Amino acid sequence: MAVCLGIIQIVEEEVRHRSLSRVRSIYLEIGALSHVAPDAIRFCFAVVATRTIAEGAALEILELPGIAWCMSCSSSVEIARRGDPCPCCGSYQLQVIGGEQMRVKELEID
Amino acid sequence: MCTVCGCSQATSSIELARGRDPESQGRCCPHRQDDGERHDAHFHGDERLQHSSHARHSHDHEHYQSDGRQALLTCGAGPAGLKVKGTSRERIIWVERDILGKNNAIAADNRTLFAADELLVFNLMSSPGAGKTSLLVRAVSELKLSYPTGVIEGDQQTSNDAERIRAAGVPAIQVNTGKGCHLDAAMIGEAYRRLPRLTRGILFIENVGNLVCPAAFDLGEACKIVVLSMTEGEDKPLKYPDMFAASSLMVINKIDLASLLECDLDKTIGYARRANPKIEVLTVSARTGEGFGALYAWIGRQVAHQRQAVEDARR
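Taken in sequence, the protein lines are chains A and B.
Just so you know, the working numbering puts the end of the first sequence at 110, numbered straight through with nothing missing.
Just so you know, the working numbering puts the end of the second sequence at 315, numbered straight through with nothing missing.
The set of hints was computed from the structure by calculation and includes no laboratory data.
Predicted, not measured: the structure shown is a model, and the values here were computed from it.
Keep in mind that a hint or two might mislead.
What the hints assert, rightly or not - Beta-carbon label-pair distances, calculated as ranges: (1) C88/A - A116/B: 21 to 27 Å; (2) E280/B - D39/A: 30 to 36 Å; (3) M1/A - R307/B: 36 to 42 Å.
Unchecked claim - Think about it this way: if two alpha-carbon atoms lie no more than 16 Å apart in a straight line, the pair counts; the simulated EDC-like pairs of lysine to aspartate or glutamate are: (4) K102/B - D218/B; (5) K102/B - E13/A; (6) K267/B - D218/B; (7) K278/B - D312/B; (8) K179/B - D155/B; (9) K267/B - E280/B; (10) K239/B - D84/A; (11) K102/B - E14/A; (12) K102/B - D84/A.
Said to hold, decoys possible - Anything over 10 Å on all C-beta distances counts as not near chain B; from chain A, calculated: (13) A46; (14) P87; (15) Y92.
We treat Cβ as the ideally placed atom computed from N, Cα and C, and that holds for glycine.
So that you can see chain B by itself, here it is in the shape it has in the complex (with noise of 0.2 Å):
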């Protein structure tokens, strides 16, 4: 489909939208289309002002047919394509604006702040339930002995989980999210700026239990990582494709359960690669430690390549 009126080449939403005229019902404007290529080229009477390409410009010229009365009425059709009878472009202003703009403008500060304390930081998300505390305190304990580390903590109310992650001997923020359903780039920024400085470590976020708003969120970590339990059955991944698409790793939790439920593991990694091929996958139990040798490893990894990747930089 066209970006620029909306059109597609089997329906053109201008033709309908200039239906009364039908000598004006000829081929939407060539505009640039989303695959990069270009539509027919539209004809108003007159070859003459036959149109090459409208791809990056606005209609400010006007369209006459071979009668001279105008054949295209440029009501409104400007870059979004939208239309409105008895708008005219100069009361249009065009913004252009990403509504997420100020999140990622504030998730960019964060990387940078990050990159600054050659700081990794992963971004957990789950729905309620499915052992992303459990998972962290657990595997805190176990890094915190190779790196400093620290975890930021999204909950709608209470400090419990920040006091479980620092009855493990690891600093941890508690974000109080109130009525929010997720964590924001600017929570992040507030909350490390209260940790102890963690220069060459390891930051984990805890965001909000939810598997939809979490996703769209920047928070300027290096990675977002899927927590699902064995009890949420094997379809989460294709009801929540979106939580899926957005992250690197998906961390199968209480696979000690496995034997117990009537869960096809298979069938889970199959569906959220159906999201996201390149999907990486683990199965741990955080009760059990079971798994978690694999996990300590992938860290392992991201943080030889984030290491590798501040050396480049620096050469």
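Chain A with its partners taken away, still in its complex shape (with noise of 0.2 Å):
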């Protein structure tokens, strides 16, 4: 609920600083090894947006993936959550370096 209200801000703060009038779509980037689910996010977007400036507006959410750092094989791979293992030698020793965007990137606006 706190990231919605985050992305109702800036949306908020976006419209008044360029004087725009109403917003069609709202474009996120959330990495899988972000705090947030997206589906999460589209289950409150709709509660919170009411009588905001976003109401009524399409919210548009990029999935990224989670990169990490294998220390055993050097090298990046991609992992679903954290604390899953390396996908190709299986080992725990992974450095997160990639996927953990909360961002709101863009708005098409009318």
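Using the hints, put the two standalone chains together into the complex.
Here it is, written out as structure tokens:
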């Protein structure tokens, strides 16, 4: 819910700052290793957006994969969630290097 | 995967988006990918129009096939790679802002405030009932003899925890989050201003009992500490890996119950290190005081580390 409020806040600030009339779509970038699930955002967004400038706007979420550096393989690998082993060697010695994003990327306006 | 258009070398989402035009189903554009490499350049029928790079710029030019027809519909194929039929780049505004950016900015202000007071701040997190408050009551009773010590307590309701801390002779401010499931940086900034000055001291923030959301919110602390009790089961770190990934130290509480429980301590630690190979681990009992010597020694090292950093910054 706090994440959705953050989205609305960003949209409201952009609308005010740029003197926009209406936001048609909001494009987000959500990493697989971020702290939110895209489905949870979709669920909360409609509720939080009510009676705000974002009411009725479509929410488009680009889901980005989790990327970690495997210290055993010395290469970057894709993981679905934290705590998963390296898909190549099975090691847990992984350092997350990508997929933690929670960003408002773009707005489509009328 | 490419952060520009969302395509990967195996499949391209843009290919699907322009699937109606067989001639346009070339390779996707050569944007920079997450791993820093580039993938193939794309062709649009005319090799003179091949791009070597689209990294960090948008499609503001057109792509034509050999017969002159437009081969690549640029309908909103922006830096996010999100293309929707019927949209044009003119109607897309590039925002590029972190959803938690506002909280992070306030957390940075808090950090500046804490640094000015040379204050060491720990953010304690756990599930409800792991024993954060009992641990703190014992710890602050001892630490107050060596450092100015204060506590910010977070709970949905009641001031019970702050009262327990104050009864131990340490100033405490209770933050009631109402329906909120975590503390945020603004709450901490406000609560800190209500505490007496704790120059060169230690501030503990006891977060709302929750192993999910508090991990996402930077409060301006020096580090996060996760408290896990023996009674919670050894696989908690597997169930809530984000919390363990965000923490520098795992304190395993209620170790005095170890003999009564079928809980494999080594497994717990192993699971936590799957989520965070660098996490440090201490075992304590807030009831008996077992393991607190090691906890004070760990805190002492953090204090020394911070003071060294302050000295280095002054030089």
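* Status of A46/A, Cβ more than 10 Å from any chain B Cβ -> Label holds. Min Cβ-Cβ 17 Å, cutoff 10 Å.
* Take a quick look at whether K102/B and E13/A sit within 16 Å of each other, Cα to Cα. => holds (11 Å)
* Does E280/B lie within 16 Å of K267/B when you go C-alpha to C-alpha? -> holds (15 Å)
* Asked: Given the hint that K239/B pairs with D84/A, does the C-alpha gap stay at or below 16 Å?
  -> holds (12 Å)
* Do the alpha carbons of K179/B and D155/B lie within 16 Å of each other, as the hint requires? -> holds (10 Å)
* Does the hinted range 21 to 27 Å hold for C88/A and A116/B at CB? -> The hint (21 to 27 Å, Cβ to Cβ) is violated, given that C88/A and A116/B are roughly 47 Å apart.
* Asked: With d taken as the least Cβ-Cβ distance between Y92/A and chain B, does d exceed 10 Å?
  -> Since the minimum Cβ distance to chain B is about 4 Å, Y92/A lies within 10 Å and the statement is violated.
* Asked: Do the Cβ positions of E280/B and D39/A conform to the proposed distance bound of 30 to 36 Å?
  -> With Cβ atoms ~34 Å apart, the hint holds.
* To do: Given the hint that K102/B pairs with D84/A, test it: the Cα-Cα distance must not exceed 16 Å.
  => At roughly 31 Å apart (the allowed maximum being 16 Å), D84/A and K102/B break the hint.
* **Pairwise hint evaluation, E14/A against K102/B, where the allowed Cα distance is 16 Å at most** => holds (14 Å)
* Does D312/B lie within 16 Å of K278/B when you go C-alpha to C-alpha? -> With a Cα-Cα distance of about 25 Å, the restraint between K278/B and D312/B is violated, given a limit of 16 Å.
* Going straight from one Cα to the other, do K267/B and D218/B come out at no more than 16 Å? -> Violated, at about 29 Å.
Checked against the numbered hints above, the structure breaks hints 1, 6, 7, 12, 15 and satisfies the rest.
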